Amino acid sequence: METSVSTRKQLYVDAAVDTPVSDRRRLLTYALPEHLAGRVAPRHLIWVPLRKELRLAIVVRVHDEAPAFPVRPVYAPVEPAFCLSERQWELVQWIAETTLCSLFEAASPCLPPGVGQRSVEHLRLRSPDGAGDLKLTRTQQALVDLLAERGETSLEAARKALGRSLTSVVAKLEAAGVIERTARVVSGAPRTPTARYVRLITPDGVDLHRAPAQRRALEVIRRRVALAGDEPIPWHDLVRRPGVTAAALQALAERGVIEILELPAPSAPPAQPRPGAGSTYLTPEQAAAWRTLLAALRAGEPEEFLLHGITGSGKTEIYLRAAAWCVGRGKQVIMLVPEIALAAQTVARFNERFPGQVAVLHSTLPPATRYHTWRAVAEGRIPIVVGPRSALFAPLERVGLVILDEEHEGAYKQDNPPRYHAREVARRLIRQHNAVLLLGSATPDVTTYYAAETGAIRLLELPTRVGPRVLGKRGRPEHRTLDLPEVQVVDMRLELSQGHTHIFSRPLQAALRRAVESGEQAILFLNRRGAATLIQCRACGHVEQCPFCDVPLVYHADQRLLLCHRCNQRQPPPSRCPACGSSAVGYYGTGTQRVEAEVRRLIPGARVLRWDQDALRRGVEHRHLMQRVLRHEVDVIVGTQMVAKGLDFPLVSTVGIINADTLLHLPDIRSAERTFQLLTQVAGRAGRRTPGARVIVQSYTPDHYAIDAASRHDYAAFYREEIAFRRKHGYPPFRRLIRFVYRHPDEVTCQTTAAEVADLLAATADRLGARDVDLLGPTPAFTAKVRGRYQWQILLRGADSHAVASAVDLDPGWAIDVDPLSVL
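So our numbering is basically just the index in the sequence shown, starting at one, shifted up by 62.
Hint data in this document are derived by calculation from the structure and do not stem from the laboratory. Keep in mind that a hint or two might mislead.
Ranges between beta-carbon positions, derived for each pair [what the hints assert, rightly or not]:
{"#": "1", "residue 1": "A410", "residue 2": "R443", "range": "19 to 29 Å"}
{"#": "2", "residue 1": "D612", "residue 2": "A219", "range": "18 to 28 Å"}
{"#": "3", "residue 1": "Q155", "residue 2": "A99", "range": "42 to 52 Å"}
{"#": "4", "residue 1": "A357", "residue 2": "A143", "range": "21 to 31 Å"}
{"#": "5", "residue 1": "A357", "residue 2": "P142", "range": "15 to 25 Å"}
{"#": "6", "residue 1": "T354", "residue 2": "D612", "range": "47 to 57 Å"}
{"#": "7", "residue 1": "P807", "residue 2": "A357", "range": "21 to 31 Å"}
{"#": "8", "residue 1": "G581", "residue 2": "Q607", "range": "19 to 29 Å"}
{"#": "9", "residue 1": "K234", "residue 2": "G648", "range": "30 to 40 Å"}
{"#": "10", "residue 1": "A143", "residue 2": "P807", "range": "19 to 29 Å"}
Nothing here was measured: the structure is a model prediction, and the numbers come from that model. Think of the CB as a built atom: it goes at the ideal place given N, C-alpha and C, for glycine as much as any other residue.
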């Protein structure tokens with residue numbers, strides 16, 4: 063008699079797990095349970111046990127090679143199932159090798175929103191008799207009794223039942239062997255957002271003579287049905303109409319006249335096309351740029367362009383035309399902005415031009431909304447994605463165009479693993495899709511402009527501002543050009559020598575008064591928050607510093623507190639010096655709060671708006687501030703760099719830059735570049751609709767080439783000086799940089815570890831025969847202590863630096879930044 067014996071081999075998976083590792087290439091091996099065979103394959107996202115918790119992991123390989131050590135089984139696939147596409151996986155591998163991070167870190171931007179938040183921790187007793195003879199506290203005993211009564215219970219449910227956080231209680235009971243923790247996967251995706259709708263069922267035959275409110279509501283519903291057909295009517299549209307109440311609608315539903323439905327909410331409210339949308343006339347410079355770009359789009363080959371256009375030159379119209387061409391041919395578009403909070407106007411213009419076709423993706427969206435939008439993009443229902451750098455990883459399969467607006471912005475560089483730059487990922491992405499990359503800026507990154515100058519990418523230029531549209535000679539509409547605003551640099555050393563000590567120079571005071579009296583608006587820019595940036599004893603020189611970061615505390619008058627702008631440490635200002643006891647405590651320096659107060663004193667009655675991070679932390683949103691400015695409820699805007707990035711203020715005629723030297727003298731290779739970019743961008747907020755605008759730049763070093771070039775709106779002059787400096791000192795784009803930073807709470811350990819790694823890097827360079835590599839450091843970082851942890855850094859410079867860095871395995875405490883934007 064024959065018997066059937068299963069010959070199936072035990073399968074295993076090698077997975078990249080979400081856990082810090084010293085060897086970034088390390089994979090962990092797990093057994094694949096028989097019931098999961100066929101459900102788990104390479105590039106799938108799964109849950110695996112690691113120590114006492116569940117972790118996300120990505121399957122790299124499935125095989126039947128039994129390891130020489132015991133392994134734990136895979137817990138479960140992520141639900142709903144998720145698998146990276148082959149194109150995504152190729153991009154993930156490239157990011158991991160380029161930025162020197164682990165495979166899971168490289169893949170994390172591609173994962174569905176909220177996927178890592180769907181495992182729930184549970185508690186259970188290890189034995190039926192609970193704690194046995196152990197002496198327990200009242201709370202510990204209450205938890206044991208709860209678990210004995212209910213059995214396995216989620217930690218969150220136990221916390222609610224007992225009204226305690228249970229953090230230390232659970233830890234102590236687990237250490238004593240009384241309870242154990244486990245994790246359970248919660249099935250299903252985040253809940254899809256829904257909205258209420260009303261559908262008419264019985265329009266006639268209902269006596270509402272004694273119910274006037276219901277009768278009025280039914281009349282409104284009948285009119286809507288007559289106009290729009292039988293489609294469900296949004297609830298909020300009805301209750302906003304005169305005479306319609308929620309109670310009347312509920313009563314009609316109880317009578318069976320209408321049906322109240324819960325349907326999926328739209329991912330974004332449909333935008334209405336603005337008058338003339340899609341029919342904007344181009345200036346000759348715009349038309350020439352568009353013809354060149356259109357030829358590249360038609361060619362269907364990967365190509366990169368730098369659109370160098372001065373502020374107000376109409377770059378956004380070129381973006382919109384290119385996007386329209388792609389969407390019209392079934393291709394998809396990624397539109398990147400530096401920060402989503404500052405990009406309301408760009409998002410609005412895309413929504414106006416492409417109503418119902420734009421998805422906005424960013425990390426601050428509510429989880430359910432973000433997931434719902436992500437799914438709509440993945441299913442191909444929305445062809446345009448707008449967002450910050452993370453939008454590059456939206457699940458698109460037919461990308462035809464990637465746009466980076468304000469491509470010079472540092473926000474495009476990720477500051478934690480994977481430390482990618484959006485520009486470099488976009489370059490890889492367009493090669494995968496045979497798409498076009500369009501980099502737009504009035505002040506391009508020096509490395510980008512060098513690539514254009516040397517022919518690595520193509521340069522498109524918009525050298526003039528787009529003015530109002532008028533009727534031309536042949537009766538056709540055409541644009542008039544606008545001059546850039548006049549810039550006056552005020553030497554604050556001269557002001558001081560003449561006895562003028564006010565934070566506003568005399569020319570700036572006169573310009574402010576003139577703008578307010580003329581019914582125009584002004585911007586005062588200072589990249590420092592607070593009222594005073596230094597609290598110092600005039601008797602002994604003691605400076606109030608953050609105990610965790612070793613940086614001066616900043617006085618915020620509205621809160622009457624000293625704040626650390628790095629770790630948010632807060633403490634009251636001292637009435638006496640804590641070092642010598644003297645009452646001679648002085649407040650020095652200038653922040654946006656002080657500027658605001660000085661404007662109110664200088665021009666009583668002026669309506670002043672402060673636009674900085676402190677204002678936003680009080681619950682105010684960027685769009686609300688923008689609406690106040692556009693409604694002319696504000697005369698003077700006092701702001702940080704938030705007001706410098708791509709915003710369009712039609713009535714601003716005057717810009718005052720309080721201190722142009724704020725960034726200039728920092729010991730960083732890009733300090734001059736950042737200064738030029740920021741001054742040019744801020745100055746570009748003035749005179750965008752009418753001529754005669756004016757910019758006042760206050761500086762103690764007015765002869766510096768960055769300030770001088772910015773005052774003349776002369777990018778070419780700045781570039782010539784800066785590229786010569788970079789070439790002389792071997793900085794990017796001529797030699798590559800890699801920054802290693804180590805943080806530790808003990809200063810000696812931090813320094814010693816940094817020295818050991820520097821020796822290791824030097825030895826590795828010798829072993830590899832690396833010729834073009836310099837080792838700089840180790841040295842303390844510019845800010846030597848942050849949040850109680852000391853910082854030491856090492857720089858590798860040269861063409862061989864990446865090969866050396868990739869050959870070294872470092873502890874997870876090290877941060878490696880390839881091509882850093884700052885070495886501070």
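Now the hints, each set against the structure:
The supplied range of 19 to 29 Å is met by A410 and R443, whose beta-carbon atoms lie about 21 Å from each other. Distance hint check: the CB atoms of D612 and A219 are about 44 Å apart, inconsistent with the given range 18 to 28 Å. The beta-carbon spacing between Q155 and A99, approximately 26 Å, falls outside the hinted interval of 42 to 52 Å. In this structure the hint that A357 and A143 lie 21 to 31 Å apart at CB is violated, the actual value being about 42 Å.
Range check, A357 to P142: about 42 Å between beta-carbon atoms, so the 15 to 25 Å window is missed. The hinted window of 47 to 57 Å between T354 and D612 holds, with their beta carbons roughly 52 Å apart. Our hint of 21 to 31 Å for P807 and A357 is violated, since their Cβ atoms are close to 58 Å apart. Against the hinted window of 19 to 29 Å, the Cβ-Cβ separation of G581 and Q607 comes to about 45 Å, which falls outside the hint.
As the Cβ distance of K234 to G648 is approximately 50 Å, the hint placing it in 30 to 40 Å is violated. For A143 paired with P807, a C-beta distance near 42 Å fails the hint of 19 to 29 Å.
Hint violations for this structure: numbers 2, 3, 4, 5, 7, 8, 9, 10, all remaining hints satisfied.
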